[in-house]
Amino acid sequence: MSEVFRFDPLMLPPECETLRQEVRGFIAEERAAGRWRAESDFASSHSPAFSKRLGARGWIGMTWPKQYCGQERSFLERYVVTEELLAAGAPVGAHWVADRQSGPLILRFGNETQRREILPRITRGECFFCIGMSEPDSGSDLASIRTKAAPVEGGWLLNGRKIWTSNAHKAHFMICLCRTAPADAGDRHKGLSQLIVDLKLPGISIRPIKNLTGAEHFNEVLFEDVFVPGDRMIGEPGDGWKQVTSELGYERSGPERFLSSFRLVTEFIRRAGTNPEPREAEAIGRMLAHLATLRRMSLSVAGMLQKGETVNLEAAVVKDLGTNLEKEIPEIVRLVARRGRSPNQADMLEEALAYGVLYAPSFTIRGGTREILRGIVARGLGLR
Amino acid sequence: MSDSLVREVAGKLFADLVPPKLVNDAEAGEFPAGLWQAVSEAGFPDALAAAAEMPGDLAGMPDAAAILREAASHAAPLPLAETMIARWLLAGAGIKAPDAPLTIAPVERAGTLLLHRAGKGWRLAGSAARLPWGRQAAGIVAIVEGRVALLAAKAGDLRPGKSLAGEPRDDLSVDAEVEVKPAAAGVDAALVHRLGALSRAVMMAGALDEVLTLSVQYANDRVQFGRPIGKFQAIQQQLAVLAENVAAAGVVASAAVEAAAGKGDFAFAVAVAKARVGEAAGKVAEIAHQVHGAIGFTHEHRLHHLTRRLWSWRDEFGVESDWQQELGRLAAARGADGVWPLLTAW
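Chains as they are written, first to last, in this note's numbering: chain A, 1486 to 1869; chain B, 721 to 1066.
In short, the hints are calculated from the structure, not lab data.
Glycine residues also receive a C-beta, built at the ideal position from the N, C-alpha and C atoms.
Only some residues are given here: those of chain B computed to face chain A with a beta carbon under 8 Å:
no., residue
1, 940
2, 951
3, 964
4, 968
5, 972
6, 974
7, 991
8, 1045
9, 1046
10, 1051
11, 1053
12, 1055
13, 1064
Here are the simulated DSSO-like pairs of lysine-lysine, each with C-alpha atoms no more than 30 Å apart in a straight line:
no., chain 1, residue 1, chain 2, residue 2
14, A, 1727, A, 1655
15, A, 1675, B, 951
16, A, 1633, A, 1685
17, A, 1695, A, 1812
18, A, 1792, A, 1727
19, B, 874, B, 840
20, B, 951, A, 1727
21, A, 1633, A, 1655
22, A, 1551, A, 1537
23, B, 1003, A, 1812
24, A, 1695, A, 1537
25, A, 1537, A, 1655
26, B, 951, A, 1812
27, A, 1633, A, 1727
28, B, 983, A, 1792
Listed next, the stretches of chain A that the computed footprint assigns to chain B, with coverage defined by at least 3 CB atoms under 8 Å from CB atoms of chain B:
no., region
29, 1494-1505
30, 1749-1759
31, 1770-1784
32, 1801-1815
33, 1854-1860
Can you make the complete structure from the sequences, with help from the hints?
Structure below.
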């Protein structure tokens, strides 16, 4: 019998269910007021106005200490808010990275000035971040990045190029992974650092890159002799790799890793009606069996994160299974769904299906490719 | 006992008493009476019945599942799940259970078993396909709507058959007098079908654990091109998918066990578990055989003790598509906007 992975069962505590009802009430209000249309995916929406309303509810940075305007709620409570917003297709894209990733990073590794200046603004839904990791020659092999920060009087001089940077054109800051010391042949992970870069600084140019649908979500960001003040270094120079890898459990195990096609599931069920044909029922059941399983696994990881345990391996399992399901859902639906267009109104099923098919290639690439994740799992199995 | 302690005790018993030869001999028709005796002495067949606090409750399911998972990971060739369910049914109905291996009927939903009055007593008549271990069981416990009947095995006509794993799966034709009592409150044929499906999901989870262990071990041991094949990315990627499916199966089988013991929606949980674990079983068996190469296709290697059981169990008490349809109908009835609340309520 093998116990390679740990997925402890988790029952959400009662306060989470109370909070869930609050969030559902908020979403119902938003919908009744016609403030947004449901989006398929966390990455496909950007609404600063929505982020502000969410911030006013205390639902951004909600696990952070009160001294930085957080709510000191549990990680499980954050999970519930996040999954409810994603399932409803709420436009969470503007604050998404800051809330999930950048804020917690600054809280954990940043200095007091950074925390005081930035975290309260994030919680109010006024401050958005993007992730500066990938480069033209560095994707899965992240340690090979070449963007360089050279020490100068009072700070760092940043030169290089980041690519595939989602929402760089709409974000206030980038957390930029860069080299502050040359690569060490013995340990390539040395000499990497992270800087908080104000995207309005002189020397930065941001060029949108159209994705295959023609939409502009991601960008190329060029740094030419950009002066970044010294107090914008996160932690100590050289700590970058440790910082990047420490957050993987959070980035890879959340509900956004299996809900990107959930809107398609609900639209498919809407079209099938309350008394579906056998093959429709079978397709619904197949998708739900996978979704229910993944939610269990993902919640289990959330519970272990709440207890402070390291779950990078389990998170890789959730992301690989979850993102493959996200891709599988449009393939299941397209063969079974009743595809006649409904007259006089937008065809929500076709819209969600189009999104699912067209964006599917990105699901198993963003945030760690399928192959990298499986490599992590293989290492966990003792194969490498 | 805690689940983990039960699992440890059961794991040791099966590891000691189920060598590959015993599995092969059982397939050749020799019932492992010694193993059954040891299992009986350990109280395993009563894991469900003895733990019930009220007639028909499933408080014993966590212990029963821990035992079944271990039994399955060792490919123990016994009607253990069937006897557990049978004894629980009999106890709930107040019928004295024979101290011997038992099986249950029906396994397939399309059975035609009926009970009708005959004088002061009852007769059980009709047919039921593919009863597990039928010819080696001392009695067949049938559930017909809300009634439990105990049929002495010899009183029915059994046409022998076998599963893909070579275990007896016999077709019953019967028209005989039987002892009948009303089932415990809330217990009916649909619930027993769910318990059968849950037992197979749990057993598959156990066999999957062992297939993962064997496959990783083989990939580390087998050398080709001068290194263990597990060092090749092509193999690593396959084994990662295998392991992920094993993990998913374990999680969802355990969740259904919790639901049986009262935590959550049992109908939903079983449908999810049987559908998802069955899918994992097919995928995992396929990859495990590919990784093992020719040796895994031999009778000598014990991989097939597990994979043939996986292929057999995924078909019993409803195939994946049966449970997917049940789940799909259950969800669609709530309407499109009721599906998310259904998922989060579980």
